[in-house]
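K.L.:
Go ahead and model the full structure; you've got the sequences and the hints to work with.
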Amino acid sequence: MIESFRMRAESVSAQVERVATTELAMELVALLLQQEGVEDKPHCYAVWAASAMIGEAERQKMERIVPGLRFDVTRELAADAKVGISQMDWALANTGTLVQSADAVDKRLVSTLPLLHIALVSTAALLPDLTSVLRRVDPRTSAYLSFITGPSRTADIERVLTIGVHGPERLIIVLVDDLEVAA
Amino acid sequence: MNEEFKQSILDALANPNLSGALGRFSEAYRVSRAKAYEGIDFEALRTEIADIKSLAASQLDKLAEKFTHAAEARGTKVFRTSDPEAVKDYILHLALERNVKSIVKSKSMASEEIHLNEHLERAGLEVNETDLGEWIIQLAGQRPSHMVMPAIHLTKEEVADVFSQQVEAGQAADIPKLVKFARGKLRPKFLKADMGISGANIAVAETGSIVIITNEGNARLVTTLPRIHIAIVGLEKLIDHFADITPILTALPRSATAQLLTSYVSIISGPVPNTDGTPKELHIILMDNRRNEMARDPRFKQALQCVRCASCLNVCPVFRLVGGHVFGKVYTGGIGTILTAWFDALKESDEIQSLCIQCGNCKEVCPGKIDIPELILELRRRLAVQQGQPIMQKAIFSVVNNRRLFHTMMRAASIAQKPFARQGLIRHLPMFLGNMTEFRSLPAIAEVPFRDRIKKIKQPKCAEKAAFYSGCLVDFAYPEMGESVVRILNKAGIEAVFPEGQTCCGAPARYSGAYEVAAQNGADNIRALLSEDVKYVVSACPTCTVALKQDFIATFVSVGRIGDLPAARQLAGKTVDFSTLASQLVEQGRLKFKKGTDATKFTYHDSCHLKRTLRAEKAPRKLMQQAGYELVEMQESDMCCGMGGSYTLKLPELSAPILERKLVNIEKTGAPLLLIDCPGCVMQIRGGIDKRGSNIKVEHTATRLEECLE
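Those sequence lines, one after another, are chains A and B. Numbers 1 to 183, taken from the numbering used here, label the letters of the first sequence in order. Numbers 1 to 710, taken from the numbering used here, label the letters of the second sequence in order.
Hint data in this document are derived by calculation from the structure and do not stem from the laboratory. Only true hints are included.
Below are the EDC-like pairs computed for lysine to aspartate or glutamate, each with C-alpha atoms no more than 20 Å apart in a straight line:
1. B:185 / A:169
2. B:192 / A:76
3. B:66 / A:138
4. B:189 / A:76
5. B:185 / A:80
Label pairs and their calculated CB-CB ranges:
6. B:185 / A:74: 19 to 25 Å
7. B:42 / A:52: 36 to 42 Å
8. B:635 / A:3: 33 to 39 Å
9. B:10 / A:74: 52 to 58 Å
Example chain B residues on the side facing chain A (calculated, C-beta under 10 Å, incomplete):
10. 25
11. 264
12. 280
Even glycine gets a Cβ: it sits at the ideal position worked out from N, Cα and C.
P.N.:
Here it is in structure tokens:
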């Protein structure tokens, strides 16, 4: 399933990384943010939507390592940020899709407004397909379910595929082996 | 056909961007769609979708009720109306009441259907489409030409001009830059908008959920940033169960854009918090606009199984030449013709229904399993009933149905053409008939029709008999095809009889909507063909075969001639197309191939009716390969040749370029021989080949097969 997921996600222009532990995932994210030039100044922020994998201690640590990384996600900050980071609930092997129960608005802000979206997901949360995830979600408790398959794209001009329209133009997926399945 | 409409076709054909971009797209689409469906049983999938949507269509009100109940329980406001005006008023009132100044929209065909933007803009609201294609056509002041790719008719240069004139001067015709420009200009509009308006691809009754799919991500912004979200949902989007999302979401992106899944899918089942912490105000409008009426119509109910993927446009040989604007309305292409007839008015479909050449490509790929060609014929029938048949058409049918008179007249015309006929082909016709021979030569009319020539064939007495049904072209233009069939049957120990009472198969009448005429043709033929005690009724024309096997029955049902059905079924049971029968006879060892014939390479053109209605495309290929011929498949072998019976007379402007593509594909194979099972296609393609001065031989499978048999 992991290989199928990677193949499918890469075929729609996502980048897929895999790490053994949450700690390594944090290090990888920090490295990526530094590479992207995230800094504590306008147009250079990174915004991280709250999720179970990141507690108060990790938060403070990450803020220290990466100046410009913010957890107090607002509309204005997300609109100005370079990078958005969020944890997804499931991944679908046969389409390379990420799925998230995204009622909390910050989860959607960080994955729609910035040009780069870094999505963390538990390796154990890989499911085969659409059918298996629709069986697990409950629309009565998840009022906004987001499915993300690769970065934003269009072919509206002359059918030429162009990556990055209204949403992110890059999507980096980090599979984390020791992460608990969120839902 | 009115001049304005003809002119719009000519304008579209003269637009090189259109034919170029659409042609390339439709060729690529076939390949990429097939790839996207790899590993999926498409028939099973679309049967599941058709079942889900058909069941939903039979209980629209009940599902709307259930949806309302579920959605309202979670704080969504649901507004149900049958009236498009009420939809516009509801949105406008809400906008004014909530002090909305600016609105962002993600793609909604339902909003196009009711011309919502104009209504809101007249009241002074700022409305911005955010789907790139929709934004471009909004700025250009045009209508979408395609349901999924609204601006496919514009080149990058034209888009750059639109942006430069309407937004900011100096935009270059560079696609990535144009896309970036759109992102930059629309972003502040998203951020400042007070209201977001979207459509929905699916609405789930049991949970009150709507499913919205996009690739650009604009729907996520439209449903996230503004404090109010309104979704306009046509009733046909309703399904009962949450789990039923899967098959639709499996098919829709594959059929629409050959993607396994679009970049974004949002399933919204209730209000979620806004960015300032207040709850989102979520309104869902369930719009009827004649959908219930459609659901009550036994013929058109199936049109509600449409998932709006537009694959019927993508595979259409006519759409790829002229694009969407010729259709003149919001919904375009095959399904668009049907929706226009309902959502606007039947008479609005009068001109556009004539664009359909009845090739059946769309029916093959429709994920909702809608018989689009059949529904277009039904529109034609209703239009003919409502408006009456043109006098000219009536006169033509009365001649066509009288075989002797028909032949005499054709022959008289043929003699008049003598100076123009060479080697059995007419290359030019004088004056007003000239456009018939503009792009392909026509066959000269046979001196003696097949019905008289068969009497001269010395046939052995056989225990088994088959009735030969000739059809017009074999009878009057290509009697040699009929003679080959008779001699092949004789080789297999079957005597061919020609029931004299046989007449036109009724296809010309049926395809013109004159069902009463077609029904009478059916009844006359059934009487003639069942009067002889024969094992088979065989025809060398797939269109005639389909008439005998299927259309008589369908026509009788349509016009209520139920009493004629048993005999029609009896005839259907005996009827077989030539190649299928021949291959059965080969398998039974009753026909044997000669050894050491001078076999060549050949390519094969699939006639629409043989391939997509009779599903007999393998038989002729196999027969010729058994005879030692080498098959070289052409590109799009099953794409229509542009003949379409009387289509080529009504719309030669379209028939010619469709033929042109076919000829190019034939020539590219390098094969010296083209085989076809349909005399109509032979007429079209042989005529085209002759006009091009090409040496490729075009023959009916029967005439070539005869040479290969012992």
